[in-house]
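Enquirer: Since the structure of chain A is provided, determine the placement of chain B on it from the hints.
Number of protein chains: 2
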Amino acid sequence: MNQMARIDTEAEAQMANAIRALAMDAVEAAKSGHPGAPMGMADVATVLFNRFIRIDPADDGWPDRDRFVMSAGHGSMLVYAINHMLGYDDMGLDQLRNFRQLGARTAGHPEYGHAKGIETTTGPLGQGVATAVGMALAERMMNARFGDDLVDHRTYAICGDGCLMEGISHEAIDFAGHQRLGRLILLWDDNGITIDGHTDLSTSTDQRARFAAAGWHVQAVDGHDREAVAAAIQAAQQDERPSLIACKTVIGFGAPNKQGSHEVHGAPLGADEIAAARTHLGWPHAPFEIPTNILDSWRAVSARGAEARSAWRKRLDSSPDNSRFNATLAAPDAVALRAAIRDYTAKLATERPKVATRKASEMALEVVNAVLPNTVGGSADLTGSNNTRTKGMAAVTPTDRSGRYIHYGIREHAMAAIMNGIALHGGLIPYGGTFLAFSDYSRPAIRLGALMGVPVVHVMTHDSIGLGEDGPTHQPVEHVAALRAIPNLMVFRPADAVETAEAWEIALTAAATPSVLCLSRQNLPAVRLEGGDENLTRLGAYVLRETKGARDVTLIATGSEVEIALAAADLLAAQGVRAAVVSAPCFELFAERAPSEREQVLGRAPRIGIEALIRQGWDGLMLRPGDAFIGMTGFGASAPAPALYRHFGITAERAADLANQLIQGGK
Amino acid sequence: MNQMARIDTEAEAQMANAIRALAMDAVEAAKSGHPGAPMGMADVATVLFNRFIRIDPADDGWPDRDRFVMSAGHGSMLVYAINHMLGYDDMGLDQLRNFRQLGARTAGHPEYGHAKGIETTTGPLGQGVATAVGMALAERMMNARFGDDLVDHRTYAICGDGCLMEGISHEAIDFAGHQRLGRLILLWDDNGITIDGHTDLSTSTDQRARFAAAGWHVQAVDGHDREAVAAAIQAAQQDERPSLIACKTVIGFGAPNKQGSHEVHGAPLGADEIAAARTHLGWPHAPFEIPTNILDSWRAVSARGAEARSAWRKRLDSSPDNSRFNATLAAPDAVALRAAIRDYTAKLATERPKVATRKASEMALEVVNAVLPNTVGGSADLTGSNNTRTKGMAAVTPTDRSGRYIHYGIREHAMAAIMNGIALHGGLIPYGGTFLAFSDYSRPAIRLGALMGVPVVHVMTHDSIGLGEDGPTHQPVEHVAALRAIPNLMVFRPADAVETAEAWEIALTAAATPSVLCLSRQNLPAVRLEGGDENLTRLGAYVLRETKGARDVTLIATGSEVEIALAAADLLAAQGVRAAVVSAPCFELFAERAPSEREQVLGRAPRIGIEALIRQGWDGLMLRPGDAFIGMTGFGASAPAPALYRHFGITAERAADLANQLIQGGK
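As you go down the protein sequences, you meet chains A and B in turn. According to the UniProt record's numbering, the residues represented by the first sequence are 1 to 667, in order. According to the UniProt record's numbering, the residues represented by the second sequence are 1 to 667, in order.
Extracted from the complex, chain A is given alone in its bound form:
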């Protein structure tokens, strides 16, 4: 891949200056943005693209393209400048001129889906590094399945000091080093500057030693010596370990009076300094003007990629794996999955197993994983608790990537980001488990997945005080509300094995929405006693038990509390009170339904919500003023689950009492 022999180094210097010019001009036009990183890393990025990267702007989805991640997302103008010059058809000069303006593709930070050639959304620091690790892992896993002919690319990421200070970077580099992800090359913009000033204000870690300790191949170069950068990338490509290249750079390189200072990090340079930079760099061209010969040099990169893609296409067309490869990249087979889930839930409705929903999840996964050969399970070191590993799922190891199960280690945050990376790479469908309380650890990556619309499945077990003795540090109380708050995220809390299977079906066939499955530690009885062709969980909430005659009260519950609602309805029935029971496994799907449909499900009678969590999120959607809620108002406690349910008053008896009070009060 190395094109060093025929490099025109003078042209390459101008290619880099073109990035610098576009970055400072666009930031100036926006009166907002970050010129420092694009100007500092222009040489490194130019060498990377000019001599190594294999992409084709004419087909931004080409599966075997190299992946490029700008983890230092505030340096977005580096990406936009390059993508403009490479000739992406959605990145015209108008986009650069409208940097950071409403409706432009050139958002403040690079956003996946907003423009071609942006492999992942970055900005929150460290996320790009971990996501790139997921991409590099997916590449090797796909390679193990399809061989070098079809899968043989690299993942390059640029990160800054901030990315390396964030905790997620530790989780990611530790994981990548362990998995020996040699196809990953991390280019560190080692400029010694953060927003507050010099990095020595807050860190004195020897980053090179740190990466070496994690099993990485480490090099250091002058980031403005393009031949040295090229030699380092070439050496990195040859090494079987993931590579760090520490690129010593001057932030804002080219702005003669401000470079090397935190002043160039995140503010426009100003007209005077831009003029000085033009002189200093020998760049006499007008703002946003790129001379044809320099544009041609960039377009040559694209031409090289187009050639590679064409050759790859031929290999795919003649490959015996052709249809299997296309199938793995296509959307999951929803029809086959529906059939399998239908048969499975019909059987469940007969067998009515009393199992924890985490166990029910494993049972559903046995069905799912048989139908979808490209699911990839995993856990943050809670495999036996999360029940994420089905029969025959071999572990993905540094020496054999053909397996389907990933030991993410005690790294909830990186797990979520790595799963985003796997899903973004394409070809594999990742799901991974931890305790629901630790969704707080993975939350920044869950959010980014929701923003990007990446359909990852987060398996979160031990979903309430029902986990018992581990106590309030491990007991989710507010986590479901906090997850329901994230836009474009489906939060499921299924009540039994049937709903759990249905939730899996919805999660795995979602086109652009990640899901969280909140699952119980404790056993729960079957509540859906009839098989059916319809996935009722897709309704968000539905009437599980209707009354004969007008309802006196409606009990609405989720997950483990549906059992309590049913028991309360029994108690009330014995008292001659007609209580309907609504199961509400997914608030987001319910919210999407027409108000009249929702009203029909919830009824006009007094309502009681039951969920062993806080009330936030119930009012408005489920409850009206005067309706009641049984749940938690503060943190849990350490004790066996039945004692906790009694202690916090989350019982059928209390629900029945409250129902009688509401009914009396309404009379």
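Simulated from the structure, these hints should not be mistaken for laboratory data. Worth double-checking, as some hints may not be accurate.
Identical chains share a label here; the pair holds if one copy fits it or two copies do between them.
[Stated by the list, open to error] For lysine to any residue, the following SDA-like pairs were computed, each having C-alpha atoms within a straight-line distance of at most 20 Å:
# : residue 1 : residue 2
1 : K31       : A275
2 : K359      : A267
3 : K31       : P642
Expert: Only chain B this time, still in chain A's reference frame:
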């Protein structure tokens, strides 16, 4: 401090076995818990306590005590066993027998405030390490203020593999290494086992090299060789760098058939294995029975501590710094603060500055920091954006800890945990800043602070789409709702400089509740135009503008949207519509008020909530069915703030239109 010369090594061996016996017996009685870590680390902990630690169970709040943190919180029985034998009066055998039962002090994971001698709540892995870093920093900062006579103690923490895999550990060790916190000694339970099996399933990091890269003093010992452990602790005490002691241990040491395996990590050993362990360890005593001579040995540790405390007390009594020292440990001077805030807000009501609330926060801090000499500011590398540094605040550096400002680096998560540690240590009042969107990064530590009731102040600026061009990765949309969901956390979103100052007053005088201040990037007009003796923010929500005559509509807003509500009321007034405006800076405080008081504020007229965030949390407390809300329903976008407010329809015009619709609809 080292007592090596007169150690009875045979007695010490039995002291360690006593921990093992109590741990396995208590877990067995609870039928739940983690015997592996207490049994594996019993030798290390015994040496630490027997020969080094200086605490006095008769005065668990003695300021100059050593701090001990069990970061591997699942090993809680190690703490409870030790504290029982040391003679803490709240840790009788009944507590051990009721391990993990309702109402017992012996929660599943150690909980601050549940029992004496527990310095911080642990369980979520890595938190203890970072919190210990905060304690160690606070010790040096207090030492810089009061000298060796009054402040001269150490912080010891035990951590497991899980703690070191979590990202927060990176942030914490990097920070501790940079700050050269030589009083911190971290004892790593290097047993090579995690829940899923051997650590080599998921990590191959050279931890010793990793810590060395971060500037730590590193040693490795056989964790069952007590003399080696003692020598290592002694060497660690001599070194100026923070110390890691890698203690090679056998998990579940003493259980002959199960030790060294992940089976002993988190499940009772069972009667047979416990019997075998008793034989293997030469421990013939009945369950929960500790021979008097062994108990005496443990009590000698306490006696040594009592002696040290007594000597320290004499030094304090005769110290010229006596009253200053006591004052810094006491609760903040609420009377002085009230007077200063009253004067300041009275001035503001006259001057009516149009400033961003992040700037208003800095202005308030100038007042606050003058009144409270022991506040300690900081930021996760966003000092100029968070406005957390007031005049004359010198940085805390590795060579001078007398300053009041901490450069936390780009480490939001560790910052929150370190602040918890500083607050738990006592003597200093920490606050620290980042962007509100990154509260997701620090969330696990914010939650732990709320669970513990540690009054830390989290300054979170750039609190909505109002931050503009940085786009949706940086724009909080759901974060305020997600923070409001955390129990025992006050979330403030002040509307102007007066409310910002009032929020600071409440946050700093809270006895056992942490706070989050959500502050705008953009300038906001003064909305409180009259000075007053009362802190109205303490009401949670209050009528900012009342109507003459009955209200036609009530507009309820927070923070930057109060300006919009006022403008809408003006528009409506011009149309002859009477609109009241309610400012609601703190939902949690409002929720505490009587329903009738809340009703009086919110009125019976139709209501419109205005907050440039999602609606979750508004219904029930603020809004009724039929009321309206103007805010966000999904992620933001990248553009200048005014364009975004127009784009998302968060405008006075829309509020006025909606008001008219509601009023028409109600007629």
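Enquirer: Can you give me the call for K31 and P642, within, between, both or neither, at a CA distance of at most 20 Å?
Expert: Between. Shortest inter-copy distance 14 Å satisfies the 20 Å Cα cut-off; intra-copy 60 Å does not.
Enquirer: When no copy is specified for K31 and A275, does a C-alpha distance of 20 Å or less occur within a copy, between copies, both, or neither?
Expert: Classified as within; 16 Å inside a copy, 74 Å across copies.
Enquirer: How do K359 and A267 come out at 20 Å by Cα distance, when the copy is not named: within, between, both, or neither?
Expert: between (53 Å within a copy, 19 Å between copies)
Every hint from the earlier list agrees with this structure, and none is contradicted.
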